[in-house]
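**Q** Make the full structure from the sequences, and use the hints.
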Amino acid sequence: MPRAGLSRTEVVAAGATLADERGYGNLALGALAERLGVRPPSLYKHIDGLADLQRGIAILAMTELDQRVRDAMHGTSGSAALAAFATAFRDYVMAHPGRYTATVGAALGGPDDPLRLAGGRVLESLEVILRGYGVRDGEMVHALRTLRCTFHGFATLRLADGFQWSGDIDDSFAWMIRFLDRGFGEIGRH
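So the sequence shown is numbered by UniProt numbering: it starts at 1 and just counts up by one.
Some clues are possibly wrong.
What follows is a list of derived Cβ distance ranges for each label pair [to be verified]:
1) Gly188 to Arg35: 44 to 52 Å
2) His152 to Thr76: 16 to 24 Å
3) Lys45 to Thr17: 15 to 23 Å
4) Gly109 to Leu144: 15 to 23 Å
It should be emphasised that the hints constitute simulated quantities derived from the structure, not laboratory data. In this text, a Cβ means the ideal position worked out from N, Cα and C, and glycines have one as well.
**A** Here you go:
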């Protein structure tokens, strides 16, 4: 019998918090059971094992990320929308490193897969930004990959303390946004 009041949603949320605190690679069902005050076998009433928990965390993270970037972008366009997305993305990765790591390389299922749907909404937000710059369909996948690599790289390097040389990191972040803005503006003009 599952613990009274314990649900799959709570198990996944607790797993996500644990991944943020200890690192995604250190996520373990025993530690999760201890956090929830249950014996490890009790978790199997809510999840099918570690892989199912990891997938649940990826879905949760992508859904949260989608909401954060959409909220940040609301009412903006152009460089303001680009900066809003980048800032929301960076801040999410910094606040939830374990959850975010769960999304990287997570396998997508069929068309109704919640992870595919949430990830698709994040990409739609980026596409809105890029269409505002005049990026054409034939270049869209390249532009999307460029933004993903740039935002992912900056956020994960910052999280790993990868910018140890002099200079303000936030100034570099703002410079990166201006660089992307000019670059996409140039693409849109041609």
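**Q** Compare the structure with each hint and give your call.
**A** Outcome of the hint check:
{"no.": "1", "hint": "Gly188 to Arg35: 44 to 52 Å", "result": "holds, 49 Å"}
{"no.": "2", "hint": "His152 to Thr76: 16 to 24 Å", "result": "holds, 21 Å"}
{"no.": "3", "hint": "Lys45 to Thr17: 15 to 23 Å", "result": "holds, 20 Å"}
{"no.": "4", "hint": "Gly109 to Leu144: 15 to 23 Å", "result": "holds, 21 Å"}
Going through the hint list in order, the structure satisfies each hint without exception.
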